[in-house]
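Trainee: Once you have looked at the hints, place chain B on chain A.
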Amino acid sequence: MLTRTIYNIKSYCRITNEKIICDDEIILQKGADESIADFLKEIYRKSEANYPKFFKMDLLCKSAFLAAEFISKKENLFETNTALLLSNRSSSIASDEKHAQAIYDIEAAASPAIFVYTLPNIALGEISIRHQLFSENLFLIFDKFSPQTLVPYTEQMLNEGKAEKALAGWVEADENQLDIFIYLVENEGNTKHTIKNVRNLYLKK
Amino acid sequence: MSDLKQELKEKIITQLNMEDITIEDLQDDTPLFGDGLGLDSIDALELIVLLDKQYGIKLADPKEGRKVFETIQAMADYIEANRTK
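Protein chains in written order, with this note's numbering: chain A, 1 to 205; chain B, 1001 to 1085.
If you are wondering where the hints come from, they were derived from the structure by calculation, not from laboratory data.
Treat the hints with care, as some may be off.
To be verified - In the EDC-like style, the derived pairs of lysine to aspartate or glutamate whose C-alpha atoms are separated by at most 20 Å in a straight line are:
#1 A/Lys46 <-> B/Asp1003
#2 B/Lys1063 <-> B/Asp1052
#3 A/Lys53 <-> B/Asp1052
#4 B/Lys1011 <-> A/Glu107
#5 A/Lys53 <-> B/Asp1025
#6 A/Lys162 <-> A/Glu79
#7 A/Lys41 <-> B/Asp1020
#8 A/Lys205 <-> A/Glu75
#9 A/Lys46 <-> B/Asp1025
#10 A/Lys53 <-> B/Asp1061
#11 A/Lys192 <-> A/Glu75
#12 A/Lys46 <-> B/Asp1020
#13 A/Lys41 <-> A/Glu18
#14 A/Lys56 <-> B/Asp1029
#15 A/Lys56 <-> B/Asp1035
#16 A/Lys56 <-> B/Glu1010
#17 A/Lys56 <-> B/Glu1080
#18 A/Lys73 <-> A/Glu164
#19 B/Lys1063 <-> B/Asp1040
#20 A/Lys41 <-> B/Glu1019
#21 A/Lys98 <-> A/Asp38
#22 A/Lys19 <-> A/Glu42
#23 B/Lys1058 <-> B/Glu1080
#24 B/Lys1085 <-> A/Glu107
#25 A/Lys53 <-> B/Asp1035
#26 B/Lys1005 <-> B/Asp1028
#27 A/Lys53 <-> B/Asp1020
#28 B/Lys1058 <-> A/Glu107
#29 B/Lys1053 <-> B/Glu1080
#30 A/Lys56 <-> B/Asp1020
#31 B/Lys1053 <-> A/Asp105
#32 B/Lys1053 <-> A/Glu107
#33 A/Lys144 <-> A/Glu175
#34 A/Lys53 <-> B/Asp1003
Fair warning: this is a prediction, and the values are worked out from it, not measured in the lab.
Bound-form chain A, shown alone (with noise of 0.2 Å):
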């Protein structure tokens, strides 16, 4: 008899204009006046992560590493098997645009630091070098955040015996907004990983 896995959600992360919650616990609200760019470097501090390198990343790297930064505290993720499936709208398009006004500005002059933020699964990669994470990983670009591709993908990995974890979400982040919603699913845990637990969570204020 074929019998199912269940698996649960064992942690996540939110971060949006308002504040970062994390299961549940609000850890920061950002001030009225406050920018994006500020709000994350307090994020940062409140994360006593001491990785100089965060400075150096471009918002919707800095935004989808703080929310696995404060799952991490939580549950260990260093050199573990855990995959990663990230997900936005806009793909890197704020990095881009940047780096298009430096290469067509009149002293034109492409900035490597700007460049290399030009995909958006970078974002992959600086949670993969925080943790030591070698394992399967994949950022898709969808119309609205999509708990329905989102949650059997993740499965069918975990499934598959290619991951024992998943981290999984939503990162879209610019100057303006900031919408970030990163959970942590394996076998442990309350919540089932169903597409309605996770839309909820999202949804959650």
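Mentor: For chain B alone, kept in the frame of chain A given last:
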């Protein structure tokens, strides 16, 4: 020369987004790569662009770069000798 070194320190900290580093942390003889400031390959490319854009120096030989970017002092010496603007 000391003005140039000061200027270089400011530009490196800004250009390379080194928000945790102050000018005082950056000594003239601090190694920029390895155990010193810990710059990486992308930073090296940024420094090459900086030399070109700010001082009109085109660095084509990677072997040369290794010496030029050893320390702030080495960079300043090289710029003094080769700058075109």
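Trainee: For every hint, state whether the structure bears it out.
Mentor: Cross-check of the supplied hints:
1. A/Lys46 <-> B/Asp1003: violated (37 Å)
2. B/Lys1063 <-> B/Asp1052: holds (17 Å)
3. A/Lys53 <-> B/Asp1052: The given pair, whose Cα atoms are some 24 Å apart, is violated under the 20 Å limit.
4. B/Lys1011 <-> A/Glu107: Within the cut-off at roughly 17 Å; holds.
5. A/Lys53 <-> B/Asp1025: Distance of about 17 Å is within 20 Å: holds.
6. A/Lys162 <-> A/Glu79: holds (15 Å)
7. A/Lys41 <-> B/Asp1020: Answer holds: A/Lys41 to B/Asp1020 is near 11 Å, not above 20 Å.
8. A/Lys205 <-> A/Glu75: The given pair, whose Cα atoms are some 23 Å apart, is violated under the 20 Å limit.
9. A/Lys46 <-> B/Asp1025: violated (23 Å)
10. A/Lys53 <-> B/Asp1061: Distance ~27 Å between A/Lys53 and B/Asp1061 Cα, so the pair is violated.
11. A/Lys192 <-> A/Glu75: Cα-Cα ~17 Å, so holds.
12. A/Lys46 <-> B/Asp1020: holds (15 Å)
13. A/Lys41 <-> A/Glu18: holds (14 Å)
14. A/Lys56 <-> B/Asp1029: violated (24 Å)
15. A/Lys56 <-> B/Asp1035: holds (19 Å)
16. A/Lys56 <-> B/Glu1010: holds (16 Å)
17. A/Lys56 <-> B/Glu1080: The hint is violated at about 29 Å.
18. A/Lys73 <-> A/Glu164: holds (18 Å)
19. B/Lys1063 <-> B/Asp1040: holds (16 Å)
20. A/Lys41 <-> B/Glu1019: holds (10 Å)
21. A/Lys98 <-> A/Asp38: Distance of about 19 Å is within 20 Å: holds.
22. A/Lys19 <-> A/Glu42: holds (11 Å)
23. B/Lys1058 <-> B/Glu1080: Distance of about 14 Å is within 20 Å: holds.
24. B/Lys1085 <-> A/Glu107: With Cα atoms ~14 Å apart, B/Lys1085 and A/Glu107 stay inside 20 Å; holds.
25. A/Lys53 <-> B/Asp1035: OK: A/Lys53 and B/Asp1035 at ~15 Å, within 20 Å.
26. B/Lys1005 <-> B/Asp1028: Since the Cα atoms of B/Lys1005 and B/Asp1028 sit roughly 7 Å apart, the hinted pair holds (cutoff 20 Å).
27. A/Lys53 <-> B/Asp1020: holds (10 Å)
28. B/Lys1058 <-> A/Glu107: Judged against 20 Å, a Cα distance of about 15 Å means the pair holds.
29. B/Lys1053 <-> B/Glu1080: Between B/Lys1053 and B/Glu1080 the Cα gap is close to 15 Å, so the pair holds against 20 Å.
30. A/Lys56 <-> B/Asp1020: holds (11 Å)
31. B/Lys1053 <-> A/Asp105: Satisfied, since the Cα-Cα distance of roughly 13 Å is no more than 20 Å.
32. B/Lys1053 <-> A/Glu107: Holds - the C-alpha atoms of A/Glu107 and B/Lys1053 are around 8 Å apart, at most 20 Å.
33. A/Lys144 <-> A/Glu175: OK: A/Lys144 and A/Glu175 at ~19 Å, within 20 Å.
34. A/Lys53 <-> B/Asp1003: It is violated: about 28 Å lies between the C-alpha atoms, which goes past 20 Å.
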